[in-house]
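So in our numbering, the last one in the sequence shown is 416, and the numbering has no gaps at all.
There's no promise every hint is true.
Unchecked claim - Here are the in silico distance ranges between beta carbons for each label pair:
1. K292 - E407: 54 to 64 Å
2. E189 - E148: 54 to 64 Å
3. E103 - T143: 43 to 53 Å
4. K128 - G280: 28 to 38 Å
5. T132 - R173: 16 to 26 Å
6. V174 - E103: 27 to 37 Å
7. K292 - P180: 29 to 39 Å
8. E103 - V172: 19 to 29 Å
9. S285 - E214: 48 to 58 Å
10. T185 - N347: 31 to 41 Å
11. E141 - G212: 53 to 63 Å
If you're looking for bench data, these hints aren't it; they were derived computationally from the structure. Built from N, CA and C at the ideal position, the CB exists for glycine as well.
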Amino acid sequence: MPDTGWVMEIVILAVVIAVVVIGALGGLVIGSRKKKQLPPQAPSSTPTITAPPAEPTVGEEAETPRDEPRRTIEEVDLPLAEPSATAPVVVEEPAAPEIETPEPTAGRLVRLRARLSRSQNALGKGLLTLLSREHLDEDTWEEIEDTLLTADVGVAPTQELVERLRERVRVLGTRTPDELRTLLREELIALLGTGAGTDFDRTVKTESGLETPGIVMVVGVNGTGKTTTTGKLARVLVADGRSVVLGAADTFRAAAADQLQTWGERVGARTVRGPEGGDPASIAYDAVKEGIAEGADVVLIDTAGRLHTKTGLMDELGKVKRVVEKHAPLDEVLLVLDATTGQNGLVQARVFAEVVDITGIVLTKLDGTAKGGIVVAVQRELGVPVKLIGLGEGADDLAPFEPEAFVDALIGE
């Protein structure tokens, strides 16, 4: 019988060998399974494309974040395209302004009489209607006085005119329409045509007795059309064959110099200007200096349209006059008045006359109003004539004042 201990050893060895073999076989199976798994993918460099949000249909609104208000296309700052490094930058030169040919001054008021008569005949026709009454009693003469006063003729001129009319009507006896029209025409022309007992010289003085240009200074308060009048006067002079230099000495009103320069460019007149807020007297001085150097015929100086109630600024206007006269004496000082301002215009006239020697008056905005009597009142107030009148907004609606044509437009022919 074999030894039992030896048998046990053989059994144990067999078990160990079996365990080893089974473990080896298990490792091979696990390794093979791992090889079959896919290796992890590296992150792709291509961005993930997501579908854009759907466009809103008609009647729907696009979604807007709550913390950002909706903006219109005008409010969105779009990026400007960068200029190409190779593409040349094209800078367009501004086109030279076209030089206009102003209308000659001869017959301007005649051409504009139709417009003047439409706006002014309330005064003339009102007087003719009253004078045509069968009985001219005191009430009627009071109505005639009221009509004249309403037209801004002034108290003293009104009383003078009524007294002359009463006397002539009494002497005349019969009063046919033609006789009344002739009578009224003669008395109104007499009232307009003289001042302080002498006939007015209505010529705008633009010629100097020296070897220097004629120097004209234009004054007036804001809103009367002063700068526009200066530009229109330049057109009048150019139309008459004169060369003009403009001095933009109104440095306190925004864009006044630009406005005057535009007027000058339209007729080929050069404008001397300075910085906004600069010294007006210095600019006026330079304008005259340039006019002398260029051999110009006329220098027109537009001054600041300051309120007449500010004494200090009015004193500065006197300074402009004194500085200009270091070159040569002023030939003309034109006061621009708005014909619609009535008695306020007379107040302005008095104050300006105390600062500078007014030699002539320009009445603007005379169309569209029945207050043509301001012509009489301002002439009586200053003792100087109305030389020019503005009848509209057109570039050539500035005309020499002619009493006969004015009265004919007033009462009709």
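Could one say that the CB atoms of E103 and T143 fall in the range 43 to 53 Å?
For E103 and T143 the Cβ distance comes to about 51 Å; the hint holds.
Note whether the CB distance of V174 and E103 lies within 27 to 37 Å or breaks it.
For V174 and E103 the Cβ distance comes to about 53 Å; the hint is violated.
Just to be sure I understand the hint, the distance between the Cβ atoms of T185 and N347 should be within 31 to 41 Å; is that true here?
With Cβ atoms ~35 Å apart, the hint holds.
Using the C-beta atoms of K128 and G280, is the stated range 28 to 38 Å upheld?
With Cβ atoms ~50 Å apart, the hint is violated.
Does 54 to 64 Å hold as the CB distance between E189 and E148, or does it fail?
Roughly 19 Å apart at Cβ, these two residues miss the hinted range, so it is violated.
Holds or violated: 54 to 64 Å for the Cβ distance of K292 and E407?
This hint is violated: roughly 41 Å between Cβ atoms.
Mind checking the hinted window 53 to 63 Å against the Cβ distance between E141 and G212?
holds, 54 Å
Are E103 and V172 spaced within 19 to 29 Å by their CB atoms?
Distance hint for E103, V172 is violated at roughly 50 Å.
Satisfaction of the hinted span 16 to 26 Å by the C-beta atoms belonging to T132 and R173:
holds, 19 Å
Could you say whether the range 29 to 39 Å given as a hint is met by the Cβ separation of K292 and P180?
About 60 Å separates the Cβ atoms of K292 and P180, which means 29 to 39 Å is violated.
Just tell me: holds or violated, for the beta carbon distance of S285 and E214 against 48 to 58 Å?
violated, 23 Å
Violated hints, in rising order: 1, 2, 4, 6, 7, 8 and 9; the structure is consistent with all others.
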